[in-house]
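Chains A and B are the protein sequences, given in the same order. The working numbering numbers the first residue of the first sequence as 1 and each following residue consecutively. The working numbering numbers the first residue of the second sequence as 1 and each following residue consecutively.
Mixed in with the good hints there might be a few duds.
What the hints assert, rightly or not - Below, in silico cross-link-like pairs of lysine-lysine (DSBU-like), each with a Cα-Cα straight-line distance of 30 angstroms or less:
id, chain 1, residue 1, chain 2, residue 2
1, B, 72, A, 579
2, B, 66, A, 576
3, A, 511, A, 579
4, A, 427, B, 85
5, A, 76, A, 5
To be verified - Rough simulated footprint, nothing fancy, chain A against chain B, three-plus residues with beta-carbon under 8 angstroms:
id, segment
6, 39-47
7, 83-93
If you're looking for bench data, these hints aren't it; they were derived computationally from the structure. We treat Cβ as the ideally placed atom computed from N, Cα and C, and that holds for glycine.
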Amino acid sequence: MWFSKSFSTRLSLNVLLIVTIFFIVVLGIVAVSSHLLISEEATRSASNILKANILDIEKTLQTVESTVKDASWLAKENKDSEKYLYHITQRVVEENSNIIGSAIAFDSCYFDGRHFFSPYSYEDPETGELKSKELGSAENNYFTQEWYTVPKETGQPHWSEPYFDAGGGEQMMTTYSYPIKDSAGNVYAIITADISLDWLSKKIDQIHPYEHSFTTLISANGKYLSAGWQANLGSETAYTYAEKLDDPRVLEISKNMVAGDSGTMRYWVGSKLSFAVYGPLSNGWSMAINCEYGDVLERSSQMHMMMIIVGLVGLLIMFIMCYFKIRQLTQPLKDFSASALNIAKGDFNAKLPEVKSKDEILQLHDSLAYMQQSIVTYLEQIETATSAKKRMETQLYIGQKIQEGMLPKNFPNDSRCSLNAKVIPAKEVGGDLYDFTINDNRLYFSVGDVSGKGVPAAFVMAITRVMCHLFADLGLSVQEIATRINNSVAKNNDANMFVTLFMGCINLETKQLEYCNAGHNPIIVIPPDENPYYLKAIPNMAVGVWSGFEYKSENLDLRPGTKLLLYTDGVNEAEKADKEQFGEERLLQLVSKPEFRNLNSEDMVSAVLDAVKGFAGDNEQNDDITIFAITI
Amino acid sequence: MEVKIEKIEDKTMVVLNGRLDTTNADKFQQDIAPLMQGDTPNIEIDCTDMEYTSSQGLRLFLMLQKSVTARKGNLVMRNMKPNVKEVFDITGFSNIIRII
């Protein structure tokens, strides 16, 4: 799959991730700030619309007020003419299209002594025809109605609370009342103009800045004059409406409106956040425009959606471009990888990709080139060292063979004597030696151990062994042989090498043993029917230490069938892993066993060697081992 | 093999501790190198805690003795364990090196 988790994919994904996070953050900031800006703008705009409409309605109401005020002068002038008074009310309705009815209600018994006198003209709500009638009657006692009582008592003009005019216009209305006073300032009549709430509602419903927004108009006492829904006009108040909603801020808005304040406030209707801008009218009414934020932010939300889509497409394009660009840039890495693989496979001169750029890739190229060069150099060095080591090993092997060849192998095995010996060097070449020769009736034999191991010891071993043999062939006494070898080795012995040497000579006819122990381990004598024992000897100096030392020899008569066991300290000092040594005691116990005593020389050597190896186990042999058995 | 060398007035005290075998003979040779220098040395080696010596070890003691003799000095080894003393006896080294 080309879209594998390659370096370029991972790098592209990382870049994509960073850019995406950046994009989300920027989008978030833009969204929040644009929302804030738009909300603020919407509030300001709604506020302006509110102010404009308040001014508009105030203007309309002022025309009503001025019409009524003008008419009050006429009524004052013609307060005795019933006919003219009717005419005035007709003119008020006719003059101002917003006025649907007008009355001049006189105080009781003021006009012509009548209890009720109130000429009233109105537009018939069904036909639109202008009609006139006497308003007051026992059923319609206007002296108790608000539009009459308030201006009568205060002497001030008054806008009434909305009410249903049952005796007059037969519809929901609000009435502007203007008191007519005599020269003493007493109110004797009230002239009125009725405004249809239906008309007001229609006007206000046109104030509609957003799809779900609505405008409310309430009276000084909080009654709805107009609302954006079918409220029970005239009876429902802003308070009763506020109680229906959960958000206490709606009630606060209502209170502020009734108090005549202006302002802006947010509130929740269910899950929808809305805001209201409100402000008072000069006559004590208050108007509010309510808008939902959902409407306000709709366009900005659309814009954000657009930004997200464009951003996502952009990110996708960026990812693809990034991917291919990085793949192109990292192509040399793949080439280097292939080259490195070739190098690893052994082609140290594998061609490296050419690099033109002067960057990390070039550094990689140089490093790889350097590595190639170093590997070749090291390989050459290793080859040289290996061949040198091989040569040395070969020579050591040859040395080992020569050394092995030096030691006599054709062991005599006849009625007079049988011999056997083995040397196991700890290293390729060793410092242990044995020798034997039969000169006339005399069997010369020796075992020696050169201090140290390896090549230095091997040289001394070689000359010592040769001297032993030569001097024995000359028929010298063991004492004389030891003395001569000592003087020879001690001379020019700067390395302070020395040899512990046991030399013996058995007269095969008389079975007399003459021996000289030059610092060597005591040998074991195994008589045919007695217990084996270590042969005590005069302690002579090890060979090569002290030039001119006089060696002393001793004699021992042996019986036929006696066995001798000679060995070097590789036997008694063979160690287990815990440093316990094989020891002389264990060796003596081994050779004391009845089954051991019946073995021939060759089997004795093998038995001792097996015992030593079995004792040491896997522990490394750290000294040469020599075992030499003689049976006479 | 631990080697402690301490000079007290004109006497050099050497204390040996442990085994002297093939594996550490070279190290021992380096350790006692300072003893191979100086005029008329007076060296005393305490062998109380020396467990064992191989023939290579003996060679080094021999070298030391020869070096001391050449400089007209004096070398004494003391308190050897029996098994160590035996090696010195068998090889005849007790005839060359003064052991007390």
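Now the hints, each set against the structure:
no.: 1; hint: 72/B / 579/A; result: 39 angstroms, violated
no.: 2; hint: 66/B / 576/A; result: 34 angstroms, violated
no.: 3; hint: 511/A / 579/A; result: 40 angstroms, violated
no.: 4; hint: 427/A / 85/B; result: 28 angstroms, holds
no.: 5; hint: 76/A / 5/A; result: 100 angstroms, violated
no.: 6; hint: 39-47; result: violated (count 0)
no.: 7; hint: 83-93; result: holds (count 5)
Consistency with the previously given hints fails for numbers 1, 2, 3, 5, 6, ordered from lowest to highest.
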